[in-house]
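Peer 1: As a plain string of letters, each chain reads:
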Amino acid sequence: MDTVEAKNLVKDYGDFRAVKGVDFTIRSGEAFGFLGPNGAGKTTVMSILYCMMPPTAGDVTVLGMDVVKRPSAIKALEGVMPQDDNLDPDLSALENLIVYARYFHIPPRLSRPRAQELLRFVELNDWADTNITKLSGGMRRRLILARALINDPELIILDEPTTGMDPHGRRAVWDNMENLKAEGRTLILTTHYMEEADRICDRVAIMDRGKIVCMGTPEGLKDSTGTRNLEDAYLKLTGRRLDEGHDA
Amino acid sequence: MRLFNPKRAFRVWQRHLKVYTKLYLSSLTLNVVEPVLYLTAMGLGLGAYLTEMDGMPYINFIAPGIIAYSAMFAASGECTYGTYVRMTYQKTFDAMLATPVNLEDLVTGEILWGATKSTIYGTIIIITISVMGLVASPLIVFAIPALLVAGIIFAEMAVFYAAVVPGIDYFNYYFTLVVTPMFLFSGVFFPIEGLHPVAETIAYFTPLYHLVNITRGLASGALPWGDMLWLLVCVVVLAPLPFYAMRKRMIK
Ligand SMILES: Nc1ncnc2c1ncn2[C@@H]1O[C@H](COP(=O)(O)OP(=O)(O)OP(=O)(O)O)[C@@H](O)[C@H]1O
Ligand SMILES: [Mg+2]
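The listed protein sequences correspond, in order, to chains A and B. If you read the first sequence in our numbering, its first letter stands for residue -6, the second for the next number, and so on. If you read the second sequence in our numbering, its first letter stands for residue 227, the second for the next number, and so on.
Check before you lean on any hint, since a few could be wrong.
[As the list claims (entries may be wrong)] DEER-style ranges, computed between Cβ atoms:
| hint | chain 1 | residue 1 | chain 2 | residue 2 | range |
| --- | --- | --- | --- | --- | --- |
| 1 | A | ASN172 | B | PHE368 | 54 to 62 Å |
| 2 | B | VAL424 | A | PRO82 | 42 to 50 Å |
| 3 | A | ASP(-5) | B | LEU256 | 51 to 59 Å |
| 4 | B | ILE477 | A | GLU147 | 56 to 64 Å |
| 5 | A | PRO82 | B | TYR470 | 51 to 59 Å |
| 6 | B | LEU270 | A | GLN76 | 54 to 62 Å |
| 7 | A | PHE9 | B | VAL463 | 52 to 60 Å |
| 8 | A | PHE9 | B | GLY393 | 17 to 25 Å |
[Unchecked claim] Below are the PhoX-like pairs computed for lysine-lysine, each with C-alpha atoms no more than 20 Å apart in a straight line:
| hint | chain 1 | residue 1 | chain 2 | residue 2 |
| --- | --- | --- | --- | --- |
| 9 | A | LYS127 | B | LYS233 |
| 10 | A | LYS127 | B | LYS317 |
| 11 | A | LYS62 | B | LYS248 |
| 12 | B | LYS478 | B | LYS317 |
| 13 | A | LYS215 | A | LYS229 |
| 14 | B | LYS244 | B | LYS317 |
| 15 | A | LYS13 | A | LYS204 |
| 16 | A | LYS204 | A | LYS174 |
| 17 | A | LYS62 | B | LYS478 |
| 18 | A | LYS13 | B | LYS478 |
| 19 | A | LYS229 | A | LYS127 |
| 20 | B | LYS478 | B | LYS248 |
| 21 | A | LYS0 | A | LYS204 |
| 22 | A | LYS13 | A | LYS0 |
| 23 | B | LYS244 | B | LYS233 |
Hints listed in this document are in silico derivations from the structure and should not be mistaken for laboratory results. Ideal placement from N, C-alpha and C gives every residue a C-beta, glycine not left out.
Required output: the full structure, derived from the provided sequences and hints.
Peer 2: Written as structure tokens, this is what we have:
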């Protein structure tokens, strides 16, 4: 069964159409990346997949359930790393995970050991009792990743997971993502780092101005554009579209 | 409109309790200071010039009113500034909404937390004025559930307002135009029967007036069922407002 199926997905913010009818399916166990320039609509698509807002039109099913009809049931099986930092500033790193676990009805008795394990996983175990306002930006990103895993999710949605991280932190998160993939979890991510997409993603979709301009494996995109790395392929694909004129 | 799920709403409430017990519980007794200032300044200071109000010493008259006032301020503060900060600056709402918690659960949790604070703060005043010997009847313990019910109303109003304002500065207006007038003209300091008939009618339609009737009635041994019923009806009548307004604001 496909983990995500989106048919003719449209999203309007007031009069502005941010997503203009996109179709995609994401298979179970796959790592799927959304690429594209700022404002392309990546975060909008991701938010719809974690039921933050309903699509304006189109059918979207996640884990076999309709995003409009069964948001809670879908969210119970998902782990979400949003683009914005929304850690709880009143709490320590460990408390952030334990309180978040409660939203999934996981009691502290079970979430505490799991939280400690996750803090080790993202190399923050020395910071467990530190208030999160004292953590650096990159450390906070890693804590948000740990938080996304507290409910042992089948599907993990990562909106720019490594933005703001130093090269070591980024490598560490890549390792984390590869481990999660190896465990059979489905990953959906957005990124502006083509090296990251090339390394992690089985398939990518390139979005521009609310549309998917192309979709395929990183290798396939490189071949079709005659480029040697994904960054060149990306520039060629999005650049060509931008040259084509304004809002065809 | 979707219905809330009680178990998930409880999780939201539990988060607020956790933060409160961690950061603010130690300052709980400080919250008695302001009400006690009013009580002594008005009750003893002003009361010295009054022989009686409604057949009792002035300080005994206003003491139960101070319970109600304290409860109103607790929920109003929590569900205006507190709710707004969680919704905007802290993005706590966004974090919760990415979990099984839905918007209706979240709004219910906010309201119940505001009502909980009303109950806590009001109860502290009940204890304080009882210790001061200002309460004639043990029936005053029944004021505690009434504080919860009235707290829900104050929280519903505040969450609704928080959902519609464009910025945090607008809460000044809420306090200046809604909370303070209620505080002054709903029978805390004098019986509203002394007001102009129009003002008296307006006062009748405020939740604080009925809560004051309840606390004052219970303090002197009466059971004000009518006012309790009024509050329960008000809870239900106002309920759609915060849910509707929050959905409109949060869900694009
Ligand atoms: N809440 C909102 N209200 C109105 N417009 C919005 C809102 N959120 C996003 N938009 C608009 O929708 C479009 C897509 O935004 P989105 O955040 O999905 O882009 P993105 O691809 O994630 O960009 P980035 O790479 O910068 O994160 C943008 O033009 C943006 O201005
Ligand atoms: Mg984005």
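Peer 1: Are the hints correct? Go through all of them and say.
Peer 2: Against the structure, the hints:
Separation of A/ASN172 from B/PHE368 is about 58 Å and conforms to the stated range, judged on CB atoms against 54 to 62 Å. Range check, B/VAL424 to A/PRO82: about 47 Å between beta-carbon atoms, so the 42 to 50 Å window is met. For the pair A/ASP(-5) and B/LEU256, the supplied restraint of 51 to 59 Å holds, since their beta-carbon distance comes to about 57 Å. Checked against the hint of 56 to 64 Å, the pair B/ILE477 and A/GLU147 fails, with Cβ atoms roughly 25 Å apart.
One distance hint, 51 to 59 Å for the beta-carbon pair A/PRO82 and B/TYR470, is violated here, with the actual separation near 29 Å. The hint said 54 to 62 Å for the Cβ distance between B/LEU270 and A/GLN76, and at roughly 58 Å that hint holds. The beta-carbon spacing between A/PHE9 and B/VAL463, approximately 36 Å, falls outside the hinted interval of 52 to 60 Å. Between A/PHE9 and B/GLY393 the beta carbon distance is about 23 Å. The supplied range of 17 to 25 Å therefore holds.
Of the supplied pair hints, the one linking A/LYS127 and B/LYS233 is violated, its CA atoms being roughly 33 Å apart against a limit of 20 Å. Annotation: proposed proximity of A/LYS127 to B/LYS317 holds, straight-line Cα distance about 18 Å (limit 20 Å). For the given pair, A/LYS62 sits about 37 Å from B/LYS248 by alpha-carbon distance, which is inconsistent with the 20 Å threshold. At most 20 Å may separate the alpha-carbon atoms for a hinted pair to count; B/LYS478 and B/LYS317 meet this at roughly 15 Å.
Between A/LYS215 and A/LYS229 the alpha-carbon distance is near 10 Å, which keeps this suggested pair within the 20 Å criterion. This hinted pair checks out: B/LYS244 and B/LYS317 have alpha carbons roughly 17 Å apart, not beyond 20 Å. A threshold of 20 Å between alpha carbons decides the hint, and for A/LYS13 with A/LYS204 the separation of about 6 Å falls inside it, so the pair holds. Between A/LYS204 and A/LYS174 the alpha-carbon distance is near 27 Å, which puts this suggested pair outside the 20 Å criterion.
Distance restraint check for A/LYS62 and B/LYS478: the Cα-Cα separation of roughly 17 Å lies within the 20 Å cut-off, and the hinted pair is therefore satisfied. Distance restraint check for A/LYS13 and B/LYS478: the Cα-Cα separation of roughly 16 Å lies within the 20 Å cut-off, and the hinted pair is therefore satisfied. For the proposed pair A/LYS229 and A/LYS127, the alpha carbon gap of about 42 Å is over 20 Å, so the pair is violated. Pair hint B/LYS478 plus B/LYS248 does not hold up; C-alpha atoms about 33 Å apart against a cutoff of 20 Å.
With a C-alpha separation of about 13 Å, the suggested pairing of A/LYS0 with A/LYS204 holds against the 20 Å cut-off. Our distance criterion of 20 Å between C-alpha atoms is met by A/LYS13 and A/LYS0, whose separation comes to about 11 Å. For the given pair, B/LYS244 sits about 16 Å from B/LYS233 by alpha-carbon distance, which is consistent with the 20 Å threshold.
In the structure shown, a violation is registered for the earlier hints numbered 4, 5, 7, 9, 11, 16, 19, 20, in ascending order.
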